[in-house]
Every structure is written in structure tokens, then in C-alpha cells.
Amino acid sequence: MIEVRDLVVRFGDAPPAVAGVSFAVETGETFGLVGESGCGKSTVLRALAGLNTDYGGEVRLDGTVLPPHRPRGFFKRVQMVFQDPYGSLHPRQTIQAQLLEPLRNQGMTPPADAVGAALDSVGLPRTAAFRYPHQLSGGQRQRVAIARALMLQPEVLLLDEPTSALDVSVQAEILNLLMDLRAQRGLTYILVSHDLAVVAHMCHRIAVMQGGRIVDGFDAATLRAGTPTHPYTQELLAASEAYGEAPAG
Amino acid sequence: MSNPLIEVRNLGIAFGRGAAAVPVVRGVSFALGREKLGIVGESGAGKSTVGRALMRLLPPAARVTADRMAFRDTDLLAASERQMMELRGRRMGLILQDPKYSLNPVVPVGEQIAEAWRLHHKGPAREARERTLAILEAVKIRDPARVARLYPHEISGGMGQRVMIAMMLIAGPDVVIADEPTSALDVTVRLEVLHLLDELIESRGLGLILISHDLNLVRRFCDRVVIMYAGRVMEILPAADLERAEHPYTRGLLASLPSIHRAQDRLPVLRRDPAWLAGAGGTP
Chain A
1 MIEVRDLVVR
11 FGDAPPAVAG
21 VSFAVETGET
31 FGLVGESGCG
41 KSTVLRALAG
51 LNTDYGGEVR
61 LDGTVLPPHR
71 PRGFFKRVQM
81 VFQDPYGSLH
91 PRQTIQAQLL
101 EPLRNQGMTP
111 PADAVGAALD
121 SVGLPRTAAF
131 RYPHQLSGGQ
141 RQRVAIARAL
151 MLQPEVLLLD
161 EPTSALDVSV
171 QAEILNLLMD
181 LRAQRGLTYI
191 LVSHDLAVVA
201 HMCHRIAVMQ
211 GGRIVDGFDA
221 ATLRAGTPTH
231 PYTQELLAAS
241 EAYGEAPAG
Chain B
1 MSNPLIEVRN
11 LGIAFGRGAA
21 AVPVVRGVSF
31 ALGREKLGIV
41 GESGAGKSTV
51 GRALMRLLPP
61 AARVTADRMA
71 FRDTDLLAAS
81 ERQMMELRGR
91 RMGLILQDPK
101 YSLNPVVPVG
111 EQIAEAWRLH
121 HKGPAREARE
131 RTLAILEAVK
141 IRDPARVARL
151 YPHEISGGMG
161 QRVMIAMMLI
171 AGPDVVIADE
181 PTSALDVTVR
191 LEVLHLLDEL
201 IESRGLGLIL
211 ISHDLNLVRR
221 FCDRVVIMYA
231 GRVMEILPAA
241 DLERAEHPYT
251 RGLLASLPSI
261 HRAQDRLPVL
271 RRDPAWLAGA
281 GGTP
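For the record, the sequence lines run as chains A and B.
Residue 53 in our numbering is what sits at position 53 of the first sequence, and the numbering runs on without skipping anything.
Residue 27 in our numbering is what sits at position 27 of the second sequence, and the numbering runs on without skipping anything.
No lab work stands behind these hints, which were simulated from the structure alone.
Incorrect hints may appear among the rest.
Pair ranges (Cβ atoms, derived) [what the hints assert, rightly or not]:
1. Gly-73/A with His-195/B: 46 to 54 Å
2. Thr-229/A with Arg-9/B: 34 to 42 Å
3. Leu-150/B with Ala-97/A: 43 to 51 Å
4. Ala-221/A with Met-84/B: 55 to 63 Å
5. Glu-86/B with Val-8/A: 51 to 59 Å
6. Glu-199/B with Tyr-86/A: 33 to 41 Å
7. His-134/A with Gly-16/B: 18 to 26 Å
8. His-195/B with Arg-131/A: 27 to 35 Å
9. Glu-199/B with Glu-235/A: 18 to 26 Å
10. Leu-57/B with Gln-153/A: 47 to 55 Å
11. Trp-276/B with Gly-116/A: 32 to 40 Å
Virtual Cβ for every residue (Gly too), placed ideally from N, Cα, C.
Generate the whole structure from the sequences, applying the supplied hints.
Right under this line is the structure:
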């Protein structure tokens, strides 16, 4: 479905933020990118989404190389959900206006029940359409952000730390919602996170990034068993376990 | 607990006056000895508000009431602002979440640490400088002389948090209140900072109140845990017994954490029960 080859992103004269990243994601798969701050995981996602057009290498969608300036039709197929639902929604537009914006950008006439159906699909009451973001909780806002990303019925969602700004009980609700939507619509996800537990829970395959490169890759079962071999992955796993849950077994 | 460092009985905090007053903390009681006490809860549970009330750092609109709120023999409700000035920093230290916002961006970190010492001790500038370098070494910063000259934007998040810890320790407090001290840090750095904090607390025999939203962190790091929900204490229990917690809120929180090692189709979702708000809360 999506293929990334030798992706390089530079900011100024500094060493490249992403230094040659390649991976491929199948239809219906959830692919996780994990790493610590500054490893380049979000930069990869932003380049994929077309938010950063100044990259080297290739991004293919269904085998076709995408131009760095993404054509309008691209956004009908690929949408992004950002980390911070406080920052990613317009503070002075109603939820309804924000949900309709993707349709308007595509020059489409919204179907009569578009907003209501979108709110239903993410488990929000229909009255939320007339609210402003500040009238909603963090979890509700992230639901709105997900509903907005789904307005164009995309096939791929790019998820950048979708729950790291939320409380654990709300995180559980949003992760469940994302899993339900994946099952209902056959969505493909690329999930960026610093949290190994979230990635192990959601993803089929996982790549570990460090210093702008993918240093390790494995499937979810390997992560659950605690058997990735790369020293950096071991270090991450040990750190998550040392202060978090007990090791496997 | 005999002779606690901090004792809080039936603490209530409300914002605003009269009929418009919004209660945010109700009936909170606990005591802190020379131990590590965690206060856990979700956003809005009132955990940071309790921490700030202890330091008397709440804005004037906050109404604080309690049967007792004391640091050793000092009644924190009745203490004058002058008395509080002597307590804050000198006897009770506060570490905040994000060094990026808590440090002065235009003053080298060494000077900021020295300032914390000079505020509480009379002494020559030379001694302040020597103590600064010594405390930077104590928080395991290599080449303290060089780091002391750096500005906050020139140091990493982990180093910034060490500087914050150094700044707080240099005054020699008995009690440390750490409000989400590692939430802004990466997991590997977080661990280093926690180990450091642990070591310093143990070696100096301090009492620590660790305020966090992170159950896992508190479970591993603290001796006892206070679970807060909607401004009330749900239960207080030894951290080692958290797995066997009985309160449905605590159990719900624990269950909603995704696991690295366990595959699950869905995460159990917390069902909030209005009855939790009716109970008076835990025992100290």
C-alpha cells in the first residue's frame, strides 16, 4: 500500500533528521514507528503526509511514486491525526465547520448527514456539532480529530502519538476506537509513538528508530515475548520494564 | 505515624467565594514520614492542587480549609507569609515538570543554582560557587564547571531536570514535592533521573511526595500511594500492594493500561461510578 525508500529529511546544515529510512506497509496492516524524542519518527510521518515537501527519496502509494507536493486527491486516501487535540483543532470554529472542511477542500458537496454520521462513528453525541473545541474534553477533541480525518473515507491514517496527551483511561477508549474503526473500514495505520506498550497493543509490525535511522524491526509477537535482539531495542524495553510492568514470563 | 514530616487532615480546596465556589479538593487526609509517597490520579483529580496548597502557592482565589495541615510543628494554614518564605525552598523543595519553563532562559544554570543557595544562606559568592559545583557533581553532571556556565537552552531535558533537582537540594530541604518530575523526559532518561532522585532522597533521609499520572512509575518508585479521583482520596495503600488494590477506580486504571507483553483485543474501559464521590475517602 505504502512504500518508503531511502527517505532523507534535512533541516538546514544540521545532520539529517531522517537519514535514509525505508519500509513498506501492506493494506490493512498497522505499522508502528517507535523511538525517543528527536529520533525522526514524526519527521518521517510529516514527510509521508506531504506536510514537509523538502525530502529526498521516494514515497509510493500503490506502486506510484508520489510527487513531494501531494496532489489534492492524495488526501482522499491518506489522512493524519496529530498528537495534541488542543492544538490541532481551530479554537474559533464549530466542530461542524471543522468536520466539513476536508470535503470543502476537495470541492465536494457534503452529503446531508455527513457531520452526524461522522460523530456517530467516533462515539460522540450529535449535539457536539455545534460546540467549540474548548467546550470538549481532551478525549472528545481527539475523537473529533479522528472524525475529521475520516470525513473523506481515506484508506490510510497516519497517527502521530494519538494518545500521548491523554489520561490512561481516555487512552484506552481512543485505542479501542481506533481498533474498531480499523476492523470496520479495513484501514491501514502508520502509528508513531514513544510508548512501547501502545505500539505492542496496536501494531502488527514495528520499526525502532534512533538518530534518523531504522535500527531494528520485528513483529508484535517478538516484542511481546521480549526477544528483540538489537541492543537499543533491549535498552528501550528494559527502561519501559524497569519503571513499568514486569518482564514477560 | 509518629512525628510525621507533613500531616494533612480533611483538606478542602475551593476556587471562588460563596455560592459560586467550585470545590476541587475534598476531605483529603494523609501523612508523610521519611518515605516516598506517590499521589496518583488523572488530569483534574486535584493532585497538583494539593501539592501547591502544601507550599501555599495557590492563587488568592483559592480557599483552603483543613482540620490540620502542618509541616512538622508549623501550621501551614496559620503561618505568616514571612514564615512561609523561610519554609519554601529551605525546608520544603518543589520540582516541577518541565525544566524548559521552570528555568530562567537568560541566566546561566550555575548562577540560578547559586541564587537558590544565597537566598537561604549568608555567605560569600565564592562559597556559593563551590557549593554549586559540588551539588552539580552530586546530581551526576560530568564537568560541572562547564555546565554551570551554560544557558538552559544549551542543555538537554534530562540535564535540565538534574539542574532543577540540584537547585532544590542545595537549600537542604527535609521534604521534596516533585510534580510530574519526569513526564517531559524520554523513558531511558526518565529512569536515570528517577534513580538519581531515589539515591539522593535515601542518602539524605528526605521525605518525598511524588505527584504523577503514571501508575507504573509510582508503583515501582514509591513506598505508599495515594489514589485521587475528582478531588477525593479513593484509597491509600503500599505501592507493593497496588496489584491487589480493591477500589474499582484503581483497578480500572490499572486495567486500562496497554501491555507490552499481553495481547488484548480491547482494553477494558473505566466505568466511573458516582458512588465513588459519595464516600468520605481513604484513611490516613
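- Query: Hint numbers the structure violates, sorted upward?
  - Reply: Checked against the structure, the hints that fail are numbers 2, 8, while the rest are satisfied.
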